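Required output: the full structure, derived from the provided sequences and hints.
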Amino acid sequence: MGNNGREPIIKIAGMGKSFGDFEALKNIHLTVHNGERVVVCGPSGSGKSTMIRCINRLEAHDVGTITVDNIDLNENTKNINAIRREVAMVFQQFNLFPHLTVVENLTLGPVRARKMNPADAEVLARKYLERVHIPEQAEKYPAQLSGGQQQRVAIARSLCMEPRIMLFDEPTSALDPEMISEVLDVMVELAEDGMTMVCVTHEMSFARKVADTMVFMDAGEIVETASPEQFFSAPESKRTQIFLNQILQY
Amino acid sequence: MVVWMKLTKGLIAGLLITVLLTGCGANWGWYVVSPSTESGRSNLKFLIDGLGYTIALSICAIVISIVIGLLIALPGLAKGRAPRTMNRVYVECFRAIPILVLLLWVYYGLPVVLDIGITAFWAGVVALAISDSAFEAEIFRGGIQSISKGQIEAADSIGLSYYDKMRYVILPQAIRRILPPLGNQLVYMLKMSSLVSVIGLSELTRRANELVVTEYRPLEIYTILVLEYLILILIVSAGVRWLEKKMRADEQ
Ligand SMILES: Nc1ncnc2c1ncn2[C@@H]1O[C@H](COP(=O)(O)OP(=O)(O)OP(=O)(O)O)[C@@H](O)[C@H]1O
Ligand SMILES: [Mg+2]
Chain A
1 MGNNGREPII KIAGMGKSFG DFEALKNIHL TVHNGERVVV CGPSGSGKST MIRCINRLEA
61 HDVGTITVDN IDLNENTKNI NAIRREVAMV FQQFNLFPHL TVVENLTLGP VRARKMNPAD
121 AEVLARKYLE RVHIPEQAEK YPAQLSGGQQ QRVAIARSLC MEPRIMLFDE PTSALDPEMI
181 SEVLDVMVEL AEDGMTMVCV THEMSFARKV ADTMVFMDAG EIVETASPEQ FFSAPESKRT
241 QIFLNQILQY
Chain B
1001 MVVWMKLTKG LIAGLLITVL LTGCGANWGW YVVSPSTESG RSNLKFLIDG LGYTIALSIC
1061 AIVISIVIGL LIALPGLAKG RAPRTMNRVY VECFRAIPIL VLLLWVYYGL PVVLDIGITA
1121 FWAGVVALAI SDSAFEAEIF RGGIQSISKG QIEAADSIGL SYYDKMRYVI LPQAIRRILP
1181 PLGNQLVYML KMSSLVSVIG LSELTRRANE LVVTEYRPLE IYTILVLEYL ILILIVSAGV
1241 RWLEKKMRAD EQ
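Protein chains in written order, with this note's numbering: chain A, 1 to 250; chain B, 1001 to 1252.
Calculated directly from the structure, the hints in this document are not laboratory data.
On a predicted model such as this, the values are computed, not experimentally measured, just so you know.
Be aware that a few hints might be false.
[Unchecked claim] Below, simulated DSBU-like cross-link-like pairs (lysine-lysine); rule was C-alpha separation at most 30 Å, straight line: (1) LYS26/A <-> LYS1149/B; (2) LYS1079/B <-> LYS11/A; (3) LYS1149/B <-> LYS115/A.
[Said to hold, decoys possible] Pair by pair, the computed Cβ-Cβ distance ranges are: (4) SER18/A <-> LEU1114/B: 44 to 54 Å; (5) ASP72/A <-> THR1085/B: 42 to 52 Å; (6) ARG1084/B <-> THR65/A: 23 to 33 Å; (7) GLY1109/B <-> ALA119/A: 48 to 58 Å; (8) GLU75/A <-> TYR1188/B: 42 to 52 Å; (9) GLY1200/B <-> GLY20/A: 56 to 66 Å; (10) GLN246/A <-> CYS1093/B: 54 to 64 Å; (11) ASN27/A <-> ARG1084/B: 51 to 61 Å; (12) PRO1180/B <-> GLU162/A: 18 to 28 Å; (13) ALA1078/B <-> ALA119/A: 29 to 39 Å; (14) GLY1109/B <-> ASP120/A: 56 to 66 Å; (15) ASN117/A <-> GLY1109/B: 50 to 60 Å; (16) ASP72/A <-> ARG1084/B: 24 to 34 Å.
Beta carbons: idealized from backbone N, C-alpha and C, even for Gly.
Structure below.
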């Protein structure tokens, strides 16, 4: 599946998660290798967000194990902090800090969590703003930017933590159509640079372009894991076929 | 500028009322506080000198109450049951005790319990601060809870510690929502500081009471007292409003 003998970096085994009586995730098995790009799709409420949020412990799983870079994810705060240094998250709603300028948004993590000195952090911030193609917006506040620009700032903020893995939870679904491609372009560039990515999205053209592995979820389960070629041409499961027919219809 | 116009308006209204009352045939004797006589000036000075204690008392109490309020609010936001219960017990208890009752207990009761001496000033500070902190804890909790979950998750995912998350992400945003009710609380506290007169602290109200006993001119002296509080509180309100405006301007 395109991992070319690379090291596994995320290992999820028999993982489950309930909210009260409701079982949001059941028996999840997923291995992501270093440099691999995984695209996760599935109907609304199928547990996609919950699964990737478990990977950096924004949600705590109840059963099974999650290992990131050989660190076991459990209540141990030391492990949680260690994993959050490796894993960055980009949210659907951007979640930029509205009271801070773009460059302050970017330097907060490096300075406070990584104890980097502020001058170095600013150099780093400007480097990544360049990389997401908005170096000229550094001094503005998030509210002064368009949605697409805000999401690119959010990606740059994640990159400033120099993570080994990036998680994306529907990064383009809060955007106006004309801004989607500017964000996807940045994500394609990241993929080409070899970043390990787990991306929840319904942008199937993006998935075709970058994915090494497609994961389809339904009702809290991983129904199918396949290479994009197989996934789009000959999906094994009936549920995958129905889903693909629905979203590829237009 | 607006500040001063408001202030002047307040003053004019106050004086107008005074003049009207005088015109209504009440038997006024402004000589007790007249700036043109020696004794009037010294009476006036005696009254106004109470400002020092009133202001010092309020500032000490508000600062301490903000610190305690925050320390009480934070466990109220925790996931665990124990810290939340602690928060509830504190807030419910101290919100229920009348300030005057708390003040009497702190001044007459606390020294016996702890075997210490306490001055009227510090008894006042402690009573006002504790009573106020219960209200402020609720104000802080509401302000912090109004910050979206996404902000907290973003802060967590860039690896900020609890302290850094509060200090750099949550509180700077919450403060804008906290400031208006906190301003009200400050005004309320300034007014309640007059209660400390009952344990003998020589602040504005106490001095007015003392002067009334020697001069027998309650109407004039208490009118001055009303004006003193009015001016003080108008200034504080204007200050709070200025701060709110400044913060709104900073945001953009
Ligand atoms: N905090 C929560 N408390 C209770 N139920 C939750 C919570 N978060 C998610 N759920 C439930 O878990 C299920 C999976 O949610 P999740 O957000 O992971 O779905 P999703 O696949 O990301 O859907 P969408 O495409 O709409 O984002 C849903 O039924 C949802 O209602
Ligand atoms: Mg989701």
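Broken hints, numbered, in rising order? Those not satisfied are hints 5, 11, 12.
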